[in-house]
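> Sequence:
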Amino acid sequence: MSFQSLSNEELGQLVCQQLAINEDEAELPNEILMDLEDTTKYSKTKNIKKFESNLPSYGGGKWTKSGALNKILYSKVKKYKLDRLSVVLQKYKGGDKLRATGQAAIEAYKELYKCLHQEVNEPPTAEEFKRILERLRRLAVYAFTTGKHINNDAKNICNKGR
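Residue numbers 6 to 167, in the working numbering, belong to the letters of the sequence shown in order.
Just so you know, these hints were derived from the structure itself, not from any lab.
Hints should not be assumed to be uniformly reliable.
As the list claims (entries may be wrong) - Each pair of labels, with its calculated beta carbon distance range:
#, residue 1, residue 2, range
1, Ser91, Trp68, 18 to 28 Å
2, Gly65, Lys160, 13 to 23 Å
3, Phe56, Arg143, 13 to 23 Å
4, Lys153, Ser91, 38 to 48 Å
5, Glu57, Lys115, 21 to 31 Å
6, Gln108, Asp43, 16 to 26 Å
7, Glu42, Leu117, 16 to 26 Å
8, Gln95, Phe149, 17 to 27 Å
9, Leu41, Leu117, 17 to 27 Å
All C-beta atoms in this analysis are idealised placements derived from N, C-alpha and C, irrespective of residue type, glycine included.
Turn these sequences into a full structure, and let the hints guide you.
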């Protein structure tokens, strides 16, 4: 196929396909895909617990504290028979938010990977590292905000008392 016979629009589409610019088409890095697919369910559960226990604790008040089921909320939960659909939908919504966090983490991973594997004569620039730091900062803010929203969603389901 000759590139000269393609229109600018066709060339643009070809470049987008080759670079997987569209987020829907982006491939997971092989290292991450292998961890997801080649690990047993038991190992994944064990790894999640280990990962969570190895995370440092940060002070940040309501943003960093777990949304534990307190006595007042617990009594409301026991009092009402909750609609299962609401609970299931909230779980899926939480899962979608975690996947968004994973996608953002992959973007930072790919940028760092690129910086580490650049040619020796082309070391990473300070601007590249600043961009990665900003991406990670936004990821942390998103994660803590999402955690707070998930806690509030759980309280709202309970308060509806279906």
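> Would you mind marking each hint as holding or not holding in the structure?
Going through the hints against the structure:
1. Ser91 x Trp68: 18 to 28 Å: Holds: the Cβ-Cβ distance is about 25 Å, inside 18 to 28 Å.
2. Gly65 x Lys160: 13 to 23 Å: For Lys160 against Gly65, whose Cβ atoms are near 19 Å apart, the range 13 to 23 Å holds.
3. Phe56 x Arg143: 13 to 23 Å: Since the Cβ atoms of Phe56 and Arg143 sit about 21 Å apart, the hinted range of 13 to 23 Å holds.
4. Lys153 x Ser91: 38 to 48 Å: For Lys153 and Ser91 the Cβ distance comes to about 19 Å; the hint is violated.
5. Glu57 x Lys115: 21 to 31 Å: 24 Å, holds
6. Gln108 x Asp43: 16 to 26 Å: 21 Å, holds
7. Glu42 x Leu117: 16 to 26 Å: At roughly 22 Å between Cβ atoms, Leu117 and Glu42 fall inside 16 to 26 Å, so the hint holds.
8. Gln95 x Phe149: 17 to 27 Å: 19 Å, holds
9. Leu41 x Leu117: 17 to 27 Å: Given range 17 to 27 Å: holds, Cβ gap about 19 Å.
The structure is inconsistent with hint 4 alone, although it conforms to all the rest.
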